[in-house]
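Q: Just so you know, the sequences run in chain order E and C. At the far end of the first sequence sits residue 647, using the numbering used here, and the numbering has no gaps. At the far end of the second sequence sits residue 647, using the numbering used here, and the numbering has no gaps.
Hints in this document: simulated from the structure, not taken from any laboratory. Here the structure is a predicted model, which means the values were calculated and not measured. Any given hint could be a false lead.
Remember, identical chains collapse to one label, so a pair may be satisfied in a single copy or spanning two.
[To be verified] Cut-off 27 Å, straight-line C-alpha distance, at most; resulting in silico cross-link-like pairs (DSSO-like, lysine-lysine): (1) K500 - K342; (2) K541 - K462; (3) K418 - K500; (4) K462 - K500.
The residues making up each chain are set out below.
Number of protein chains: 2
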Amino acid sequence: MSIVGLILGRRLANREYGERKIGAFEGLPAMGLDGLGSSAYGPEAALTVLRPLGAASLASIGWVTAPIVALLVVLFVSYWQTIRAYPTNGGAYVVAKENLGTNASLLAAAALMIDYVLNVAVGISAGVAALVSAVPALHPYILPLCLGILLLVTIVNLRGTLDAGRLFALPTYTFVASFAAILGIGIYNTVTSGGSPHPVVPPPHLPEAAEAVSVWLLLRAFAGGCTAMTGVEAVSNGMSAFREPPVKHGHRTLTAIVVILGSLLAGIAYLATAYRVGAMDQTQGGYRSVLSQLASAVIGEGVFYYVAMGSLLCVLALSANTSFVDFPRLCRAVAQDGFLPKPFAVVGRRLVFSVGILYLAATAGILLTVFGGITDHLIPLFAIGAFMTFTMSQTGMVAHWLRAIRHATSARERWAHKVHLAINAVGATTTGVALIVILSAKFLEGAWITVVVMPLVIVLLKAVRSYYDEVAARVREPGPLDLRETEPPVVLVALEDWNKVGDRALAFAMSLSPDVVGVHLIQLEGPDEEERHRILRAQWKKDVEEPARRAGLAPPRLVILRAGRRTIYEPILELARELQARFGGRRIAVLIPELVQQRWYQTIMHTHRARRLRSRLLKHGGPRLTVVNVPWYLDEMEAPARPRVAA
Amino acid sequence: MSIVGLILGRRLANREYGERKIGAFEGLPAMGLDGLGSSAYGPEAALTVLRPLGAASLASIGWVTAPIVALLVVLFVSYWQTIRAYPTNGGAYVVAKENLGTNASLLAAAALMIDYVLNVAVGISAGVAALVSAVPALHPYILPLCLGILLLVTIVNLRGTLDAGRLFALPTYTFVASFAAILGIGIYNTVTSGGSPHPVVPPPHLPEAAEAVSVWLLLRAFAGGCTAMTGVEAVSNGMSAFREPPVKHGHRTLTAIVVILGSLLAGIAYLATAYRVGAMDQTQGGYRSVLSQLASAVIGEGVFYYVAMGSLLCVLALSANTSFVDFPRLCRAVAQDGFLPKPFAVVGRRLVFSVGILYLAATAGILLTVFGGITDHLIPLFAIGAFMTFTMSQTGMVAHWLRAIRHATSARERWAHKVHLAINAVGATTTGVALIVILSAKFLEGAWITVVVMPLVIVLLKAVRSYYDEVAARVREPGPLDLRETEPPVVLVALEDWNKVGDRALAFAMSLSPDVVGVHLIQLEGPDEEERHRILRAQWKKDVEEPARRAGLAPPRLVILRAGRRTIYEPILELARELQARFGGRRIAVLIPELVQQRWYQTIMHTHRARRLRSRLLKHGGPRLTVVNVPWYLDEMEAPARPRVAA
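Take these sequences, add in the hints, and give me the full structure.
A: Okay, structure coming up:
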């Protein structure tokens, strides 16, 4: 088995497609890590904005978290409906395409693509940042660690979504169980202690208040906390990964993600207030994240603490996986509509869209390398794509239900559609408002970049489509088969020497056409080459012309040309044009014997003239010149009775 | 013009060969720098060995230098004769091949090749070491500096030997002029001061004597000093670079090298004694080379000193150029005899053997990188190859004259040959003895590596030759043209769709053979592909079968196959085998329409199926399957009247 086979596994057959699909158990690790990982940086981001309030920040965090959780519930119900309405692919691109038209769908696609690429870079670098803050000795290796994780996630996803789901199930479920336990213990302690639990490891004191509460501060905190919601759309975009019945598995996965994420957000806000845990300044030494402070306050810093924090670290680092599941599927849908290059639409070796996976890995790898593995600057860009997608998808669903109401046959059906419409309308409005809040809160911090880049992406997508339209228009509608030209082509046979290879090529040429010309080039290896062509001419007379005459055939001519600049294709092309003129525009076929390399060392031992000649002739020969490759294998040639030993 | 064209210059025609050859003016910079650079490290190496003698080392340096200069004279006369006897290529390989047989010639070739590769690495790193000891701030950049110089020398030589000779003439002739002046002033001062000149900058005191003079010490000093002689063989190996008459230009270049080198060696030894300059300990701080001490003692440390030392530095760093002139020419000769892969024998873009140049650069680059740009360890390996070459070449010449004496027609001619014989015999004996001295003096220091590597190289060379012998034996002697098989092949046409491309391919197929089959593959892009083939089948009936019937031809069949593993070649290969069986072993030609990419972005936009299919079919199809490439160009297809705009 080859190295590729060893790393990626054997090539899967189309009929294995069903067995390679996933259920909710693999769905949560495969698509949910973006959402679950968000629980770590959403509350952190909100509390960081609130830091100037000092101890008062704890009183405000509830006011910020409540609308976030409410929005989450709205999104949950909305996506539940979307999944049921679009069971094979409920992604924002498809929903927008079917309900809002091409331009809206391209906007959704652009937003999603940017979001997915950023998610990979930001997710991995957040994971590595957490790891490095836990083990400072790793600090010099931030970029190699980032790229190493990227490589791991890429390879696992090239093996297939099922493999990714299975491999990442252990850290995912460890994370869920650990934080369920921490939240449970914390809430129990809070309730039993009457609201003031005793921390095992007390968190550092909150800073002095430097500012008073303001609506703008709360809005900014809300915008920061909203990053917790990215990843909720993942299930709808990845529906084609689920096994039958996809709606059931999709619903289960979505429920798991939202329930876990919602509980974490609410639980963290509640316990942060109870245990008086605030955000610390990341630029200061001794920085610890909110979740780390909370965990050590609740359960101390024993083995369990390290298990919990380790699993969190894995979830953060692997949150990129969501992109690796969804991005290639999105690109496939876009490529099938002709807006992305065709290779994105091709199912690869392991029944996933390998080109999309590799493209995602390359782009994220470049981002990570350019930013040295520290992508904090990219976070402002990040939530915008997600909320734009939410809004587009919900708006599309509103249009969907409006149409459904128009075509409804019964009053009951109409009423049901109206309920759906209401839910998606609420979703569209709230996510739209959130988008505006986030955009205005983060515009100067870098969100403007997304606003600039997105139209450029759309222009690119449209350019791709218009290329394919042009190609299709040019080759379309040939009409009935054109049979006016029945004469076979004039065949040129490129000969290095008169040997068995040439003999076979010439015999084949004579079976194709009565007009055959042998071509031999001299001075191909340099100006002082030996003159073998005299011998060749004599052999040609004896071994080619005479047998042909005896068989009653026109003897093929031998043309000897000088390769003045040591390129083989120039003189042959010239000869082909000459012959074309002489034979009244007949087609020309150049027949090239080509040694098929069966061993690696043959690559070094031969000059690859056949290959180069073919590609040059195809490139410059024009539509009336064809190239015929006659393979020859060393093995098949009769081995000589006594192989000559090196003299 | 392309980037390659900009860097390397335009592709030269064979007829320009004569104008690209060099005379003695370019010959000295092109081939002589190895020899001239040796003057810097030969005396240094000898004086370093003599260091334990303290002040007495100066008394001994004359005893060591005298036999070295004598040996140089012997070599000069010997090579003078060799060049006259072999005016096109007097290299050790050719001389040994013609006079001593294949095995001896391969030994000479192996020794030379190793020597040339080492010379590049050692020369460049010596130059950079000198530069770094002059400008210590450059110390962190040793390896980049080495690789930069390597790149420069490689590019200049890829442009041609003439370009190298012209570009490097300035530093070469500056070096010659500067040191001629230094030696002249020094000798004048010494003579006028009665043997005790007053140094402008006094050299450091010589160390206390720690040892007494011994024969072994003198022999080791001799062996060290002999490194000064490498490079004398360069002219004989590079004879093919000289313009007409080559013997004259070769003799002039050889004379220039030997006269300059001999004067430098003798002059340095004389002045070192007069000015009391000894070798310093390289491992100590404040180290200065013998030449640097000598120059500052004679002329002080003004502008002239820096010009002289700068030109010395260039000569050292560029001494690699000798290898770049000779190694590719040696490889060419060896490859023409079939002992190296054929690409080494091909004249490149600029009428030099580009493959040899690139191979030399790559090997030396690896050596430099592995050793971090410090190749002191390699110096012991270095002189061995050179002296083995000297000995082989001289011995070959002895055999040459012996034969000449046997075939001589007159007593006078016989006598002349005897004189030649005597000279070369003296040369062979002295260089042979020197080789033994060097080998035993440096065996443990690393010379054993050369002794181990050389046989391995010879085994490799022989393996290459036996591969070519095997190939030649297999394809040789086809006998008269085999015309038993006159039936045209069964032609399979690979169709992506029924469009103008397919129409043209099919029409061409029908002009080649009455038996044409169209093949279309489904499920090539994945298990859930749309089923276009129903439309295709209907179009086929209407647009292909009916027109063919009307024209009185057998209508081509359309076969639709499932690509179960999304590879195109597997089902086509299977079909080809089936057809072969059904048509009684007829040959099969697979016709593949191929979009010729005229713009870079087309590479991204298409799936390259045609290319992959071709290479797989050639690789696995066996000798009775041929591939026909029918090119199509977007431009030539009729543009539609109104191009559809992206929807």
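Q: Please go over all the hints and tell whether each is borne out by the structure.
A: Cross-check of the supplied hints:
no.: 1; hint: K500 - K342; in the structure: between (42 Å within a copy, 20 Å between copies)
no.: 2; hint: K541 - K462; in the structure: neither (61 Å within a copy, 36 Å between copies)
no.: 3; hint: K418 - K500; in the structure: neither (80 Å within a copy, 51 Å between copies)
no.: 4; hint: K462 - K500; in the structure: between (54 Å within a copy, 25 Å between copies)
The earlier numbered hints that this structure contradicts are 2, 3.
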